[in-house]
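Chains as they are written, first to last, in this note's numbering: chain A, 1 to 168; chain B, 1 to 109.
Keep in mind that a hint or two might mislead.
[To be verified] Distance ranges between label pairs, derived from CB positions:
{"hint": "1", "chain 1": "B", "residue 1": "G98", "chain 2": "A", "residue 2": "K135", "range": "48 to 54 Å"}
{"hint": "2", "chain 1": "B", "residue 1": "I81", "chain 2": "A", "residue 2": "H31", "range": "26 to 32 Å"}
{"hint": "3", "chain 1": "B", "residue 1": "R107", "chain 2": "A", "residue 2": "C14", "range": "54 to 60 Å"}
{"hint": "4", "chain 1": "A", "residue 1": "S104", "chain 2": "B", "residue 2": "V9", "range": "24 to 30 Å"}
{"hint": "5", "chain 1": "A", "residue 1": "L23", "chain 2": "B", "residue 2": "A10", "range": "28 to 34 Å"}
{"hint": "6", "chain 1": "B", "residue 1": "C103", "chain 2": "A", "residue 2": "P70", "range": "33 to 39 Å"}
{"hint": "7", "chain 1": "A", "residue 1": "E132", "chain 2": "B", "residue 2": "V9", "range": "47 to 53 Å"}
{"hint": "8", "chain 1": "B", "residue 1": "F60", "chain 2": "A", "residue 2": "E130", "range": "45 to 51 Å"}
{"hint": "9", "chain 1": "A", "residue 1": "I63", "chain 2": "B", "residue 2": "A93", "range": "32 to 38 Å"}
{"hint": "10", "chain 1": "B", "residue 1": "A89", "chain 2": "A", "residue 2": "S104", "range": "34 to 40 Å"}
The set of hints was computed from the structure by calculation and includes no laboratory data. Remember, predicted model here, so these are calculated numbers, not experimental data. Yeah, the Cβ is synthetic: ideal placement off N, Cα and C, and Gly gets one too.
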Amino acid sequence: MMEGRKFGIVLTFCIMALFWVLLSGMFDAFHLISGLICCSIVTFLSHDLLVKGRSQKQFLKSIRLALYIPWEFWQIVLANIDVAYRVLHPRMPIDPLIIEFETSLRGEFSLVTLANSITLTPGTITILVEPERGKFWVHAIAKEPGDALLVDQTMQKKVADVFMEWER
Amino acid sequence: MVIIHGIVVAFLGAGLFFTFVGSIGLLRFPDFYTRLHATGKCDTLGGGLIILGLLLYHLFQYPGTPLVPAKLLFLVLFVFIANPTATHALMKAAYKTGVKPWCLGERRQ
Numbered sequence: 001m002m003e004g005r006k007f008g009i010v011l012t013f014c015i016m017a018l019f020w021v022l023l024s025g026m027f028d029a030f031h032l033i034s035g036l037i038c039c040s041i042v043t044f045l046s047h048d049l050l051v052k053g054r055s056q057k058q059f060l061k062s063i064r065l066a067l068y069i070p071w072e073f074w075q076i077v078l079a080n081i082d083v084a085y086r087v088l089h090p091r092m093p094i095d096p097l098i099i100e101f102e103t104s105l106r107g108e109f110s111l112v113t114l115a116n117s118i119t120l121t122p123g124t125i126t127i128l129v130e131p132e133r134g135k136f137w138v139h140a141i142a143k144e145p146g147d148a149l150l151v152d153q154t155m156q157k158k159v160a161d162v163f164m165e166w167e168r
Numbered sequence: 001m002v003i004i005h006g007i008v009v010a011f012l013g014a015g016l017f018f019t020f021v022g023s024i025g026l027l028r029f030p031d032f033y034t035r036l037h038a039t040g041k042c043d044t045l046g047g048g049l050i051i052l053g054l055l056l057y058h059l060f061q062y063p064g065t066p067l068v069p070a071k072l073l074f075l076v077l078f079v080f081i082a083n084p085t086a087t088h089a090l091m092k093a094a095y096k097t098g099v100k101p102w103c104l105g106e107r108r109q
């Protein structure tokens, strides 16, 4: 508990300090010191917003998330080509439907990651998430993109791998 | 320099293409949800590609100010997080207020 909290405080402070330096671009004593004071105040007030002190293995998860992001970028490119095809096709091959499925995810951050991933990948947008059961309502633009989530479940598995929240 | 300019133009062109497709989708698609498919996805990649093009241009044209490309990079990251979240918020609001999804064969809304 205490370890996680310390980690959250240090991480928030480092991110805030990095942002201060990046956005100000001034390296004289006055700006750096006032930056440090501001970062301390912000960290004191809101360190528990960025990192919840409860969950374990934060560092490992961050690395796994960093490895997941390139795959996600490739999915975004595919999604855009898919939408461009459907928009520019003369007969507009769309057949919207709403699908529901449950996942093994429970953590806030993992649910947000999956919801945003679904929105960015080909042909699907998250409508509702129910955190208690890990249930998702998803709007699919046609049948095939919906099947990718219902049958293959590649994305659910990948996000569950990242956050280590498999079936319990 | 010519090669860099070519890459920058390619990035900007691709970004313009996707934002343009997004706008066409906004006009062509039949209902609220499908329109969000067009804008939510195309704006993310289109805007991201345009900013990446500007980033490359600045990086090689004005190497003396490296903080500007760094800021642009953060802009890209925030767009990629904020855009799907906003799309999802709009979807949820529409679903909760009872906007009916369009089905194949119906008239466009």
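| Does the hinted range 26 to 32 Å hold for I81 of chain B and H31 of chain A at CB? | holds, 28 Å
| Regarding A89 of chain B and S104 of chain A, is the given constraint of 34 to 40 Å on their beta-carbon distance met? | violated, 25 Å
| task | With 45 to 51 Å as the target window, see if F60 of chain B and E130 of chain A comply at their CB atoms. | result | About 48 Å separates the Cβ atoms of F60 of chain B and E130 of chain A, which means 45 to 51 Å holds.
| task | For E132 of chain A and V9 of chain B, compare the CB-CB distance with the range 47 to 53 Å and indicate the outcome. | result | holds, 50 Å
| query | Does the Cβ distance between R107 of chain B and C14 of chain A fall inside 54 to 60 Å? | reply | holds, 55 Å
| request: With respect to the beta-carbon atoms only, verify the hint that C103 of chain B and P70 of chain A lie 33 to 39 Å apart. | output: With a Cβ separation near 36 Å, C103 of chain B and P70 of chain A satisfy 33 to 39 Å, so the hint holds.
| query | Should the hint that I63 of chain A and A93 of chain B are 32 to 38 Å apart at their CB atoms be regarded as holding? | reply | holds, 35 Å
| task | May I ask you to test the hint 28 to 34 Å on the CB atoms belonging to L23 of chain A and A10 of chain B? | result | For L23 of chain A and A10 of chain B the Cβ distance comes to about 29 Å; the hint holds.
| Could one say that the CB atoms of S104 of chain A and V9 of chain B fall in the range 24 to 30 Å? | The hinted range 24 to 30 Å is violated for S104 of chain A and V9 of chain B, with Cβ atoms some 46 Å apart.
| query | Taking the beta carbons of G98 of chain B and K135 of chain A, is their distance inside 48 to 54 Å? | reply | For G98 of chain B and K135 of chain A the Cβ distance comes to about 20 Å; the hint is violated.
The structure does not agree with the numbered hints 1, 4 and 10 stated previously, though it agrees with the rest.
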